[in-house]
Amino acid sequence: MNSKAICIFIYIAGTMLFITAVAKFVSSAGSARILQNPDPILGISFRHVFWIVGAFELFVALVCFFSKQISLGAGLVAWLSTSFLFYRLGLVLIGYHRPCSCLGNLTDALHIPPQAADTAMKIILAYLLIGSYATLFWLWRQKRRLGD
Amino acid sequence: MKRFLIVGCAFSTFILVCLITFRIATKKKSSFDQPSQHQVELATQVADSLAKIKTAPLSLEDFSSAVHARAGTNLDVLSENERRKLFACINRFYACYASGSFADFKQFRLYPPFTLNEGLVLAAKKVSASKGIELKSDEDVLRVAWDQYNGTNKIGGINEESINLSAVVRHDMGESLRHSSFSRNWPELDTASCWEGAVLYQPTPADILKKEGALRFFTLEVFVRFNPQVDGPASPLVLLGYWDSTREDWMPYVLCSMLHAGSYDTIF
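Residue numbers (the working numbering), protein chains in the order written: chain A, 1 to 148; chain B, 1001 to 1268.
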């Protein structure tokens, strides 16, 4: 892994988070009845969850795009993807097996089956998790080498 | 700055983990999407019962006569003027949802001052933008939303014997009134599925309740079949409205069905 690959990863992660954030904002502006249903973990309506999580994703995406500190971008991506992992594990542990509405009801408008969207989001999550932790590990090793 | 960010991130993850732990600890026995065998059996029994209910198309005049005839002594607590206004409101409701006409929706719902549901406005704007239509007024927004959600849906049949109109005084927002008498026979099933909030009147029912300490509600219960599923089970429908003393009229509040009424959808 070199710094160019890390930069590419950070930009791709930022783009993915930007797209999912926009999908959440667009979905939350709709009038689908599911938006009024409470999220099984957070207990607030899906509409509010989309606003909050969309804002986090947008913030991290902007950091990925504009921050000169690679470690900051990678750290935030690692934090966000770890939170998503906890959330998904939580869903499994409480027995909620419906597809994650991570992209909101925009998938309906685009005629993407919920299961396919859910699988895509799992792949993206794995990519963000592995990529961010690998980046942080590489940066930590670099720092240690420089220290030596 | 970076330190604050780290603390913020750690704190939010901690809160998330606490919430997940709490949810796991307080998890209900029944899972979210795996109904128990008992619930499946109950739902089958409900569907069977509803399938046996006979409905027939009714003209507005016939519906109105049936409501008058079946109201009986339930409305004795109301003055003559209040009763007359209530029957007029019920007629406008039936004219609207049995015809599927936006003009009738307008007659039923558009009584200023009111605001529109923000989500509905945004959804209507998206639809209209894709069709190149400009929305200039609240009425334009509702027309697009009505066409989008209600489309050609309408009440296709009524079970005359099931019509029940009554009025009650409550000191709350009447949440329990949303369930039909029929659904109270099946307390194990969480069945109320409601349309509400497309049009929000001023003052709101909550404002009136706060000001007057009580709210007068009317409930109209009736078994109907909607036109997309005329051969399927009947749906117990509940129309809930409240008396607005500032307008001196009954205002429609919420429309509920038991279970989700198949492919039927509308705005309210």
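Hints were generated in silico from the structure; no laboratory data involved. Fair warning: there could be bad hints in the mix.
Claimed, not checked - No more than 30 Å apart at the CA atoms, straight line, and that leaves these computed lysine-lysine pairs for DSSO-like: (1) A/LYS68 x A/LYS4; (2) B/LYS1125 x B/LYS1154; (3) A/LYS4 x B/LYS1125; (4) A/LYS68 x A/LYS143; (5) A/LYS143 x B/LYS1002; (6) B/LYS1106 x B/LYS1211; (7) B/LYS1027 x A/LYS122; (8) B/LYS1106 x B/LYS1027; (9) A/LYS68 x B/LYS1002; (10) B/LYS1002 x B/LYS1085; (11) B/LYS1054 x B/LYS1211; (12) B/LYS1106 x B/LYS1154.
Claimed, not checked - Where chain B lies over chain A, by a calculated footprint (3+ residues, C-beta under 8 Å): (13) 76 to 86; (14) 115 to 125; (15) 137 to 146.
Unchecked claim - Under 8 Å between C-beta atoms, here's a sample of chain B residues computed to sit facing chain A: (16) LYS1002; (17) THR1013; (18) LEU1016; (19) LEU1019; (20) ILE1020; (21) LEU1116; (22) ALA1214.
Quick reminder that beta carbons are idealized off the backbone N, C-alpha and C, glycines included.
Here's how the hints hold up against the structure:
The straight-line distance between the Cα atoms of A/LYS68 and A/LYS4 is roughly 13 Å, inside the 30 Å bound, and the hint therefore holds. In summary, the hint linking B/LYS1125 to B/LYS1154 is supported, as the alpha carbons are separated by about 24 Å, within the 30 Å threshold. Of the pairs offered as hints, the one joining A/LYS4 and B/LYS1125 is violated, with about 43 Å between alpha carbons and a cut-off of 30 Å exceeded. Distance hint between A/LYS68 and A/LYS143 is fulfilled; the C-alpha atoms sit about 17 Å from each other, no more than 30 Å.
Restraint check for A/LYS143 and B/LYS1002: the C-alpha separation of about 18 Å stays at or below 30 Å, so the hint holds. Taking the CA atoms of B/LYS1106 and B/LYS1211, the gap is near 28 Å; set against the 30 Å cutoff, the hint holds. Proximity of B/LYS1027 to A/LYS122 is assessed by CA-CA distance (about 24 Å); at most 30 Å being required, the pair is judged to hold. Taking the CA atoms of B/LYS1106 and B/LYS1027, the gap is near 45 Å; set against the 30 Å cutoff, the hint is violated.
Using a Cα cut-off of 30 Å, the hinted pair A/LYS68 and B/LYS1002 holds, with the two alpha carbons roughly 13 Å apart. As the CA atoms of B/LYS1002 and B/LYS1085 are separated by approximately 64 Å, the hinted pair breaks the 30 Å bound. Restraint check for B/LYS1054 and B/LYS1211: the C-alpha separation of about 43 Å exceeds 30 Å, so the hint is violated. Taking the CA atoms of B/LYS1106 and B/LYS1154, the gap is near 15 Å; set against the 30 Å cutoff, the hint holds.
Three residues within the 8 Å Cβ limit are the bar, and the stretch 76 to 86 of chain A against chain B gives 5, so the coverage statement holds. Three residues within the 8 Å Cβ limit are the bar, and the stretch 115 to 125 of chain A against chain B gives 0, so the coverage statement is violated. Using a Cβ-Cβ cut-off of 8 Å, 0 residues of the stretch 137 to 146 of chain A lie near chain B, which falls short of the minimum of three, so the contact claim is violated. Given hint, B/LYS1002 at the interface with chain A, holds; its Cβ is 7 Å from that chain's nearest Cβ, closer than 8 Å.
A hinted interface residue such as B/THR1013 counts as satisfied when its beta carbon comes closer than 8 Å to some beta carbon of chain A; here the least separation is about 5 Å, so the hint holds. A distance limit of 8 Å between C-beta atoms decides the matter here; for B/LEU1016 the minimum to chain A is near 6 Å, and the interface restraint holds. Because the closest C-beta pair between B/LEU1019 and chain A is about 6 Å apart, less than 8 Å, the hint holds. At about 4 Å, the closest approach between the beta carbon of B/ILE1020 and any beta carbon in chain A falls short of 8 Å, and the interface hint on this residue holds.
For B/LEU1116, the interface hint is violated, since its Cβ never comes within 8 Å of a Cβ in chain A; the closest pair sits about 10 Å apart. Among the interface hints, the one on B/ALA1214 is violated; its C-beta lies about 27 Å from the nearest C-beta in chain A, farther than the 8 Å criterion.
In the structure shown, a violation is registered for the earlier hints numbered 3, 8, 10, 11, 14, 15, 21, 22, in ascending order.
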